[in-house]
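Asker: Just so you know, the sequences run in chain order S and W. In terms of this note's numbering, the first sequence opens at residue 196 and continues consecutively. In terms of this note's numbering, the second sequence opens at residue 42 and continues consecutively.
Any given hint could turn out to be false.
Unchecked claim - A short list of chain S residues far from chain W (calculated; beta carbon distances all over 12 angstroms):
hint : residue
1    : Val233
2    : Ala255
3    : Asp257
4    : Val259
5    : Asn280
6    : Leu281
7    : Ser330
8    : Tyr358
9    : Arg390
10   : Tyr394
11   : Gly402
12   : Gly463
13   : Leu466
14   : Trp469
As the list claims (entries may be wrong) - Here are the simulated DSBU-like pairs of lysine-lysine, each with C-alpha atoms no more than 30 angstroms apart in a straight line:
hint : chain 1 : residue 1 : chain 2 : residue 2
15   : W       : Lys445    : W       : Lys105
16   : W       : Lys229    : W       : Lys243
17   : S       : Lys359    : W       : Lys482
18   : W       : Lys330    : W       : Lys239
19   : W       : Lys390    : W       : Lys304
20   : W       : Lys552    : W       : Lys213
21   : W       : Lys434    : W       : Lys398
22   : W       : Lys475    : S       : Lys359
23   : W       : Lys105    : S       : Lys359
Everything labelled a hint here was simulated from the structure, so no lab data went into it. Computed from a predicted structure; not experimentally measured. Heads up, the beta-carbon is just placed ideally off N, CA and C, and yes, glycines get one too.
These are the residues of each chain, in order.
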Amino acid sequence: MAATQAASQRVAMPELRRRRSATSRLWRTAKGKPIGSVAAVVCIILIIVAVGADAIAPQAADRVDAVRNPRLLAPSFGHPFGTDNLFRDIFTRIVIGSRISLGIGFTAVAMGTVIGTVLGMVSGFFGGKTDLFVSRAMDVVLGFPPLVLAIFFLAIFMTTKGYKLENFLLLSLSIGVIIAPTTARIVRGSVLSIRNLQYIEAATSVGNTSVRIMWRHVLPNVVAPIIVIASIQIGNAILAEAALSFLGLGINDAAHPSWGAMLQETRGVWLEAWWLSVIPGAAISVAVLAFNLFGDALRDVLDPRLRQSS
Amino acid sequence: MAEQDNYWLRRKVSRRTTLRGSALAGVAAASYALVGCGDDDDDGGSVATPGIQPTAGASPTVAKQPVPGGSFSFQISSNPPSLDPFTQTSFVTAYNHGLVFSKLFRFKGGTPDVSPADNSMELDLAAALPEQPDPLTYIVKLKPGVKFQNVAPVNGRPLTSADVLYAFDRYKNFDKSVHKSGLAFVDKMEAPDATTVKITTKLPYADFVNYLGGNLGALIAPKEIAESADAATKMVGSGAFILDEFKTGVSLKYKKNPDYFDKPYPYFDDLTALIVTDQAKRVADFSSKQVNLTWLFLPTERDQLKKERADAKLEETQGIGGYIYLRTDRAPFNDRRVRQAISMALNRKALRDATTKGEGIPDQLYHVGFPFARKVEALKGAKYWEYNLAEAKKLLAAAIGEGKTIDTTWDHADAAIYTQTYVDQATLLQADLKQLGINIKDQVAPYAQYISTTYQGQYEGMGHSPRAIPYWLDYVTERFTMKPARGRINLSYVNDTALEVLLDKQRGQFKLEERLQTVKQIEDHISEEQYEIYFSTDTRTFFWDKDIENYRPTAWFPYTHLMKTWRNKA
C-alpha cells in the first residue's frame, strides 16, 4: 500500500512541477524582481498608450484653441499636464507623442538588432579575416560619440524634413546604426562560445551550408542574449530620438509631436511655465527608466551570465 | 562737368525731390521699420516702446576720439548658403558682403547719429551723386585710386568703371543670377573712361540711387572671383575688410584692409562673424561675454539679456513680420475670395499674444513704418484684416463650393535661421486655416534649401517668410511684377495688368508727393486683392558691449558700418 502510494506520488510529481512552472513562474519571477515587474507594467502601459493614442487623447495634437486651451495654463483638472504657448493641450501631445518616441525606439532597436545580429554571427562564425574586418569596423563605429554619428548620418541622408515614412525609417536607421555594434559584439561572443560545439560539427559534417547552420543551429542558441540586449537598448533608442528631436533633427510636425521636440519648441517659455520642461522631460525619463529596468530584469532571468560579464 | 550740364545741380528742387523719392523713401522711411533686407528677414527701425512704430529720431552724437586697433566679434544666425553675390538673396550672405564689397552708394545708417531705419544714401565708390544730363541718363564718377584688396587673384589691381559694368552686366544677364529683375530698368551701360560709368535707363527711374546703394544686385565683385570655382566660398572686393578664413558652419574671419580707399576706416584690426544657429546659445554667449554684439532677440530673450547684461548697450527695433504668399497663378488661390478668406481666418492677436508677448505692430501692409503709410483701417480692404471666421467661411464657400475643403502645402524654413517663433507662427496660422477648411501639409526645409527653392518661387501651394524691409520705394515692383519676367520676390506670381500700370507710373514719378498718391492706389489695390497675406511685426533687440563706440544697428544690414566702429579702451 505504502509502496503504491509512493509510486503514485512519484508519477504525480512531474505533473505538479510542470503545472507550477506554467502558472506561477511568472509570478515568482515578478516577486523576485519587483522593480523589473513594475517597470514591465509601465512599459506595457506606455505601449498601450502609444497604440491607442487616438482613442486616449482628448484632442487632436495640433488643435490650437485659445478658448478651450488658454495659453500657458498650469496643470489642472481640465488639463492635467497644462497647456503650451500655442494654445495646445500638453496631455494630448504627450499621449500622441508617445507614438514617435516609442515607435522610433522600437524600430531603431529592431534595425540595430538585425544589423548587429547578422554582423555578430558572421564575425563569430567565420572568424579569421572576416572576424577581424567586422570587429574593426565595429570598433570604428564605436569610436564615434553615438549622437554625433547619428547627426552625421542624418545630415547626409535626411534631405527633407517632416513627418513621413522615409524620414521615420532614416531616423530609426541612424539610431539603429549606433546600437548595432553593441549587439554585434555580444552576439559574436555568444557565437564564439558555441561554434565549436558538437552539434555544430555534426551539422557541418552532414553537409549543411554555413548560412543554414547559422540560421537553424546558431541563431536559436543566441536568441536569449539578443532579446536581453534589445530590451536594454530600447531605452537608449528613446533617449537618442529625444535628443535628436531636441536638436531639430526629428521628424515631428504639429500633428505628430515627439517628446524631445516638445522640449525644443517650448524652450523660450520655460521660465514662464515649468510644466513645459518638466512634463515632456518626465515622460522621456519614465520611458527610458522603465525600459532599462525591464531590460535589466529580463537579463537576470534569461541570461544571468550577461550580468556577470557586464 | 559744367554746372548747367549737371541735372542734379541744375534742377535743385527736382534733385532734392528725387533724392527724397529714393532717399526719402529713405529719410522718410527713417521711421520705417519693416523687417530684414533683400531677401526675407529681420531687424528693423528703432522702437523706443514696444508696439510703437519707430521714429526717425537719431541718437545724440557724442564726439569721441576713435581708437584704432583691436578685435570685434558678432553673431550671424546661419551659415551663408553661398558667398557669391550674383546667385544669392540670403540676408546672411549679404551681411558678410557688406564687409568685403563696395557699391556705388551705401546707406548712411549704422552710426549713432543716423536713425536705424534711415535709408538715405552716402557715397561709396561714387565720387559724387550721379549727373543726369537727361531723364534717362545717369553718369557716375568713381573715386580716384580705388583698388581691389591685395589678395589673389586680383592682387590689389585698380577698380575701374569696367569692373562696375562687368558686375552690373552679370547681375542682369548671368544665367544663374537672381537679380535680373532688379536691374531691369537698365537699358545700356558704358564706360567712357576708367572712372566714369554711364547708365541709360529704359524709363525715368526715381529709385536709381537707392537701388544701386542697396545690398542686393549692386555689389561690385571682380570677374576673377565671380567666374572662378571658388565663388561660393571666397570674397575679394574693395571693401574695408578682407575675408581671411571661412569655416563652414563655424565662422568667418576678417582682417583690416590696409589699402581701403575710405580713410581713416576701418578701425578694427580684425572681425569675427560667429555662426550660431541656436538662439539660446546666442543669448548664453553674450551673457558670458564671449561675443561683442548679438541680436535678433524677441521680448522673452530681450528681458533675460537685460537682466544678465545690464551693462550692455541695446537698441530695440521693429523686427520680423511674417507673410504668406500663394500661387495666385493657379486654382484655388487665383480666386481672390479664397485669399480674402484666408486673411480673415487669421487670428493675428492670438498670434502676437502667443509669440511676442503681445508686442509688435498689429496690422500692416508692406509700407508699415513709413510716415506716409496708412494704417490698415484706412485701406480699402481693411476688413480682411479683421478676424472673422464666419465671414471667411462664407467667402471660401462662395469660391470653392459649400462644404468643400482645400488641401495644399505650406513651405517654410526651419527654426534654425528665423528662430522658433517663426515656426510657431506657421503652426498657429495653419491651425487657423484648418478651421477655415484649408488642410495644410507642412513642408519644412533647412535654410540653404529654402532660400534657393521656396524663396525663389519654387513651391506648390503656399509659402511663409519673414518680411523684407524695403529700402527703395520701387520694392513693390519686384514683389508684384511679371514684366519683363517674374520679379525677384514676386513669390505670389502676381500677374495683374492694372497693378503693372500703377507700378510703372510710380517708378517714373520724381516728385514724392505725386508718387505717394500712386503708392496709395497700389496699397488699396493690394489690400483688396490680398496677393500676399500679412501678419504682425514683432520687435527685435540688439545688444553690444558698452565699450564699443560709434555703432548703431540699422534696419537693413547691421554690419555695414562696422568699419566706423571702434572699441574705447579707456
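Asker: Determine for every hint whether it applies to the structure shown.
Answerer: Verification of the supplied hints:
1. Val233: holds (36 angstroms)
2. Ala255: violated (9 angstroms)
3. Asp257: The claim is violated: S/Asp257 sits with its nearest Cβ about 6 angstroms from chain W, within 12 angstroms.
4. Val259: violated (3 angstroms)
5. Asn280: Violated: least Cβ distance 6 angstroms, not greater than 12 angstroms.
6. Leu281: Non-interface label on S/Leu281 violated, nearest chain W Cβ at 6 angstroms vs cutoff 12 angstroms.
7. Ser330: Label holds. Min Cβ-Cβ 33 angstroms, cutoff 12 angstroms.
8. Tyr358: violated (8 angstroms)
9. Arg390: At about 47 angstroms from chain W, S/Arg390 clears the 12 angstroms cut-off, so the statement holds.
10. Tyr394: holds (54 angstroms)
11. Gly402: holds (56 angstroms)
12. Gly463: violated (5 angstroms)
13. Leu466: violated (8 angstroms)
14. Trp469: At roughly 15 angstroms from the nearest Cβ of chain W, S/Trp469 sits farther out than 12 angstroms, so the non-interface label holds.
15. W/Lys445 with W/Lys105: Roughly 67 angstroms between the alpha carbons, so the hint for W/Lys445 and W/Lys105 is violated.
16. W/Lys229 with W/Lys243: holds (8 angstroms)
17. S/Lys359 with W/Lys482: holds (11 angstroms)
18. W/Lys330 with W/Lys239: violated (49 angstroms)
19. W/Lys390 with W/Lys304: This hinted pair is violated, its Cα atoms lying about 49 angstroms apart.
20. W/Lys552 with W/Lys213: Given pair W/Lys552, W/Lys213 holds - Cα atoms ~28 angstroms apart, limit 30 angstroms.
21. W/Lys434 with W/Lys398: It holds: about 29 angstroms lies between the C-alpha atoms, which stays within 30 angstroms.
22. W/Lys475 with S/Lys359: Distance of about 20 angstroms is within 30 angstroms: holds.
23. W/Lys105 with S/Lys359: Judged against 30 angstroms, a Cα distance of about 59 angstroms means the pair is violated.
Hint compliance for this structure: hints 2, 3, 4, 5, 6, 8, 12, 13, 15, 18, 19, 23 are not met, and every other hint is.
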